[in-house]
Amino acid sequence: MQRSVDDLAVGDMLRRHGVSRRGFIKYCTAAASAMALPPWMGPAMAGQLRNAARPSVIYLSFQECTGCFESFTRSFAPTMESLIFNVISLDYDDTLMAAAGDAAESALARAMHDNLANMCSLSTARCRPAREGAIARRGERAPSTPCARPPKAPPRSFV
Amino acid sequence: MSRLSEIAIRVERPARLGGLGGGVAAVLSELVGMLEKVAVGGESATIDLRSLPMSPEDRIALQTVLGQGEVHAALSAEGVSSLQETGVSGVWWVEHRDRQGDLVAELIEVTAFPKILEASSEEMADGARALRARLGMDHADPARIDHATLS
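Residue numbers (our numbering), protein chains in the order written: chain A, 1 to 159; chain B, 160 to 310.
Hints in this document: simulated from the structure, not taken from any laboratory. A hint or two may mislead.
Derived CB-CB ranges, DEER-like [as the list claims (entries may be wrong)]:
id	chain 1	residue 1	chain 2	residue 2	range
1	A	Ala-99	B	Asp-261	40 to 46 Å
2	B	Gln-227	A	Ser-71	47 to 53 Å
3	B	Glu-189	A	Glu-64	48 to 54 Å
4	A	Pro-38	B	Leu-262	33 to 39 Å
5	B	Leu-262	A	Thr-95	37 to 43 Å
6	B	Gln-227	A	Cys-65	53 to 59 Å
Counterexamples of contact, computed for chain B against chain A with all Cβ distances above 12 Å [what the hints assert, rightly or not]:
id	residue
7	Ser-164
8	Arg-169
9	Thr-223
10	Gly-228
11	Glu-229
12	Gln-243
13	Thr-245
14	His-255
Pulled a few chain B residues facing chain A out of the computed Cβ check, cut under 10 Å [what the hints assert, rightly or not]:
id	residue
15	Glu-202
16	Thr-205
17	Ile-206
18	Arg-209
19	Glu-216
20	Val-230
21	Leu-234
22	Ser-240
23	Val-263
24	Glu-265
25	Leu-276
26	Glu-281
27	Asp-285
For each residue, glycine too, the CB sits at the ideal point set by N, CA and C.
The shape of chain A in the complex, shown without the other chains (with noise of 0.2 Å):
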């Protein structure tokens, strides 16, 4: 039975964009040597990696000019349907999502709560809590949490 998108490794997926599995492995171990890291790593990262559901990302939006998404919406390699459907899983982004109001934060809700411990948050610019969260206030989030953020920080987050 042919797996659905969603329910493809990333190796499985590299695999269909025609990297083998060598490939992947010199590329992580290339990585790890260009980070300082132990050479043993590299390899490590690929056989943790390869097995790896795509990593779901929460795009979050603040006080920013849009200019990075604006950058991200013409990016060439990937491309950016290639990249949300193929690399990774971006399960809310207020701009590219269909849903809006209740449905939108129902799926910040869900993704959340179905990958807090492995999530990436992904927030671009500032998130200021000044005028009591009115700069970057996000659906019905109370001043005290203005940006929406995750009751719990996610452990990784990239800004």
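Chain A is fixed; fit chain B onto it per the hints.
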């Protein structure tokens, strides 16, 4: 005031052990320890040469001491990689290059056989499935081969 070219410069090299630079001697000493462990069934080990402050001269000295062994493998995956067994059995000099030919990783692996060369069981199963499809073999009858599709 003296001109730059008139200032005498003398390069002082680190203390040498057995005619080898300190860095080279340290790597060789580490290799001895690794090799002894692997020889008695220990885990394979790797030294990342790019993480070491070695001059090109030291690198050549290290290659000279280790020598060249019987086995050389080339891997073509996202660029060419060279895996050369040195004259010391079980010590492999590994160079990974990217698609542009730039060196992206240079390692010394102490192992019976570099793991990256091994085929995985998953890939072998995929290969068997692909061959089976190519030969027109029925999944329910692994022994049957449709010879007509071979010609």
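These are the hints, each one checked on the structure:
A hinted range of 40 to 46 Å for the beta carbons of Ala-99/A and Asp-261/B is consistent with their spacing of about 44 Å. Between Gln-227/B and Ser-71/A the Cβ separation comes to about 49 Å, which falls inside the hinted range of 47 to 53 Å. Separation of Glu-189/B from Glu-64/A is about 49 Å and conforms to the stated range, judged on CB atoms against 48 to 54 Å. Checked against the hint of 33 to 39 Å, the pair Pro-38/A and Leu-262/B fails, with Cβ atoms roughly 19 Å apart.
Checked against the given bound of 37 to 43 Å, the beta carbons of Leu-262/B and Thr-95/A, roughly 41 Å apart, stay inside it. In this structure the supplied range 53 to 59 Å holds for Gln-227/B paired with Cys-65/A, their Cβ-Cβ distance being about 58 Å. With 12 Å as the threshold on Cβ separation, the claim that Ser-164/B sits away from chain A holds: the shortest Cβ distance comes to roughly 37 Å. At roughly 32 Å from the closest C-beta of chain A, the C-beta of Arg-169/B stays outside 12 Å, upholding its exclusion from the interface.
Thr-223/B, annotated as away from the interface, keeps every beta carbon of chain A farther than 12 Å; the closest lies near 23 Å. Annotated as non-interface, Gly-228/B keeps its C-beta farther than 12 Å from every C-beta of chain A; the closest such distance is 20 Å. Distance check for Glu-229/B against chain A: the nearest CB is about 22 Å away, which clears 12 Å, and the non-interface claim stands. No beta-carbon of chain A comes within 12 Å of the beta-carbon of Gln-243/B; the shortest separation is about 16 Å.
Every CB of chain A is more than 12 Å from the CB of Thr-245/B (nearest about 17 Å), matching its label as outside the interface. The claim that His-255/B lies off the interface is violated: its Cβ sits roughly 5 Å from the closest Cβ of chain A, which falls inside the 12 Å cut-off. With a cut of 10 Å, the hint placing Glu-202/B at the interface with chain A holds, because the nearest CB-to-CB distance is about 9 Å. Evaluation of the Thr-205/B hint against chain A yields a held restraint, the C-beta minimum of about 4 Å falling below 10 Å.
Taking 10 Å as the C-beta contact cut-off toward chain A, the hint placing Ile-206/B at the interface holds, the least distance being around 7 Å. Hint status for Arg-209/B relative to chain A: holds, with the closest Cβ pair at about 5 Å, below 10 Å. With its C-beta approaching chain A no nearer than about 21 Å, Glu-216/B sits outside the 10 Å limit, and its interface hint is violated. A cut of 10 Å between beta carbons decides the hint on Val-230/B: the least distance to chain A is about 17 Å, and the hint is violated.
Restraint check, Leu-234/B versus chain A: the minimum CB separation of about 6 Å is within 10 Å; hint holds. Because the closest C-beta pair between Ser-240/B and chain A is about 6 Å apart, less than 10 Å, the hint holds. A least Cβ separation of about 4 Å between Val-263/B and chain A falls short of the 10 Å threshold, and the interface hint therefore holds. Of the supplied interface hints, the one on Glu-265/B holds, with its beta-carbon coming within about 8 Å of a beta-carbon of chain A, less than 10 Å.
Against a cut-off of 10 Å between C-beta atoms, the interface hint on Leu-276/B holds, since the closest Cβ of chain A lies about 8 Å away. A least Cβ separation of about 8 Å between Glu-281/B and chain A falls short of the 10 Å threshold, and the interface hint therefore holds. This hint holds: Asp-285/B has a C-beta 9 Å from the nearest C-beta of chain A, less than the 10 Å allowed.
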